[in-house]
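Enquirer: Now for the letters of each chain:
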Amino acid sequence: MDIKEFIENFAGEFDETPMDSFTPDTDYKQLDEWNSLTALSIVAMVDEVYNKTITGADLRNHTTIQELADFIETK
Amino acid sequence: MNPFSLEGKTILVTGASSGIGRGIAIACAKMGGTVILNGRNEERLQETLSVLEGKNHQILVGDLSKQEDLQRMADTLPELQGWVNSAGIPKVCPIKHFDRKDVEEIFNVNITSTMLLLSMLVKKKKLKRGASVVLISAVTGAFVGSKGDTSYCATKGAVNGFMKGAALELAPQGIRINSINPGLVPTSILNLANDIAGEEHHTEIMLERYPMKRLGTPEDIGNGAVYLLSDASSWVTGTNLVIDGGYLLN
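Here the protein sequences line up with chains A and B, keeping their order. Taking our numbering, the leading residue of the first sequence gets 534, the next gets one more, and so forth. Taking our numbering, the leading residue of the second sequence gets 433, the next gets one more, and so forth.
Keep in mind that the hints were calculated from the coordinates and are not lab data. Everything numeric in this text was worked out from a predicted model, so none of it was measured. Worth double-checking, as some hints may not be accurate.
[Unchecked claim] Derived DEER-like restraints, expressed as beta-carbon distance ranges:
(1) B/K579 x A/T588: 31 to 41 Å
(2) A/K608 x B/N473: 54 to 64 Å
(3) A/W567 x B/K557: 54 to 64 Å
(4) A/E600 x B/K487: 30 to 40 Å
[Claimed, not checked] Below are the EDC-like pairs computed for lysine to aspartate or glutamate, each with C-alpha atoms no more than 20 Å apart in a straight line:
(5) B/K528 x A/E606
(6) B/K487 x A/E541
(7) B/K528 x A/D603
(8) B/K579 x A/E549
(9) B/K555 x B/E479
(10) B/K528 x A/E581
(11) A/K585 x B/E500
(12) A/K585 x A/D603
(13) B/K557 x A/D580
(14) B/K579 x A/E541
(15) B/K579 x A/D565
(16) A/K608 x A/D591
(17) B/K528 x A/D548
(18) B/K533 x A/D580
(19) B/K533 x A/E581
(20) B/K579 x B/D534
(21) A/K585 x B/D534
The beta carbon of each residue, even a glycine, is placed where N, CA and C say it ideally should be.
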């Protein structure tokens with residue numbers, strides 16, 4: 534998985550957070566805009582773009598965007 | 433005679449294999465009704481059938497989203513004194529991720545099939561004077577909004593609108609139609625929302641938003657359905673019975 538592209542897709546689900554807040558090391562649950570709806574949007578995006586199903590627990594169990602990307606790749 | 437008795441009434445429960453529909457079937461049987469259980473999965477319907485009090489209940493397997501199944505059901509069903517529709521699917525999806533197929537699917541299951549089955553049952557005179565129809569709606573979509581599942585909200589609003597129109601149109605024929613609008617009842621539908629928000633979601637919602645400090649149970653909804661199906665409610669049509677532990681009071 535291209536991490537740059539994943540970060541772009543990930544960031545695309547946020548409306549207020551500036552693009553430079555998203556790096557492979559970003560602890561996404563600490564972002565001000567992180568809430569149940571953005572979490573839901575990430576689940577939907579992963580399904581649409583990567584054709585993989587992830588759960589709310591998967592999002593809670595990972596910390597950085599890189600970790601999440603690695604996890605999705607193994608699915 | 434207990435005015436809440438369902439003795440002598442044959443009641444179709446669509447979506448009877450789990451959750452609220454299962455609770456409704458159990459409550460109807462307890463009050464003496466003869467219940468016809470419908471759902472897609474025979475095994476799960478058998479499981480519900482096995483816990484019903486009384487005799488002569490039966491199952492009728494069928495997928496309400498398929499026209500041929502609806503037709504077959506309408507053809508084979510006996511005359512009904514009551515029908516409760518509890519078949520419904522959730523769709524958790526933010527607005528910007530909508531696609532036509534998903535939107536059509538949830539409308540098909542949650543409202544279109546209800547409209548078509550009611551049409552067939554009335555046309556074939558399976559529902560006649562004295563019959564009562566109960567549509568399970570929700571507080572979300574009908575009275576309040578809910579983010580993340582707006583297509584579900586849209587279908588529940590549609591259930592409400594359809595119920596009102598149908599109640600008016602069918603009243604001269606003596607057919608009553610009402611809705612039950614439940615607050616949160618922990619079922620598999622709810623587990624989906626819980627998955628996103630985390631395990632503590634239930635407790636948090638219960639304590640903050642439900643004045644009665646608990647969530648609903650299928651029995652709570654089943655007992656409401658018994659009232660609307662029974663002769664106790666014979667002058668009640670076109671109404672929303674909200675069963676929500678006081679949720680809407682806030």
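Enquirer: It remains to establish, for every hint, whether it holds in the given structure.
Expert: Hint-by-hint comparison with the structure:
For B/K579 and A/T588, the Cβ-Cβ distance of about 19 Å falls outside the hinted range of 31 to 41 Å, so the restraint is violated. Separation of A/K608 from B/N473 is about 27 Å and departs from the stated range, judged on CB atoms against 54 to 64 Å. In this structure the supplied range 54 to 64 Å holds for A/W567 paired with B/K557, their Cβ-Cβ distance being about 56 Å. Hint check: A/E600 to B/K487, Cβ distance near 58 Å, so the stated range 30 to 40 Å is violated.
Between B/K528 and A/E606 the alpha-carbon distance is near 24 Å, which puts this suggested pair outside the 20 Å criterion. For the hint pairing B/K487 with A/E541, the CA-to-CA distance comes to about 61 Å; that exceeds 20 Å, so the pair is violated. Using a Cα cut-off of 20 Å, the hinted pair B/K528 and A/D603 is violated, with the two alpha carbons roughly 25 Å apart. Between B/K579 and A/E549 the CA atoms are separated by roughly 18 Å; this keeps the pair inside 20 Å, and the hint holds.
Using a Cα cut-off of 20 Å, the hinted pair B/K555 and B/E479 is violated, with the two alpha carbons roughly 32 Å apart. For the hint pairing B/K528 with A/E581, the CA-to-CA distance comes to about 12 Å; that is within 20 Å, so the pair holds. Restraint check for A/K585 and B/E500: not satisfied, since their Cα atoms lie roughly 33 Å apart, outside the 20 Å limit. Between A/K585 and A/D603 the alpha-carbon distance is near 13 Å, which keeps this suggested pair within the 20 Å criterion.
For the hint linking B/K557 to A/D580, the alpha-carbon distance of about 45 Å lies beyond 20 Å, and the restraint is violated. Simply put, B/K579 and A/E541 have alpha-carbon atoms about 24 Å apart, too far for the 20 Å limit, and the pair is violated. For the suggested pair B/K579 and A/D565, the alpha carbons sit about 18 Å apart, so the restraint of at most 20 Å is met. Between A/K608 and A/D591, the direct Cα distance comes to roughly 11 Å. Compliance with the 20 Å bound is thereby established for this hinted pair.
A threshold of 20 Å between alpha carbons decides the hint, and for B/K528 with A/D548 the separation of about 12 Å falls inside it, so the pair holds. With a C-alpha separation of about 15 Å, the suggested pairing of B/K533 with A/D580 holds against the 20 Å cut-off. Using a Cα cut-off of 20 Å, the hinted pair B/K533 and A/E581 holds, with the two alpha carbons roughly 13 Å apart. With a C-alpha separation of about 17 Å, the suggested pairing of B/K579 with B/D534 holds against the 20 Å cut-off.
Using a Cα cut-off of 20 Å, the hinted pair A/K585 and B/D534 holds, with the two alpha carbons roughly 17 Å apart.
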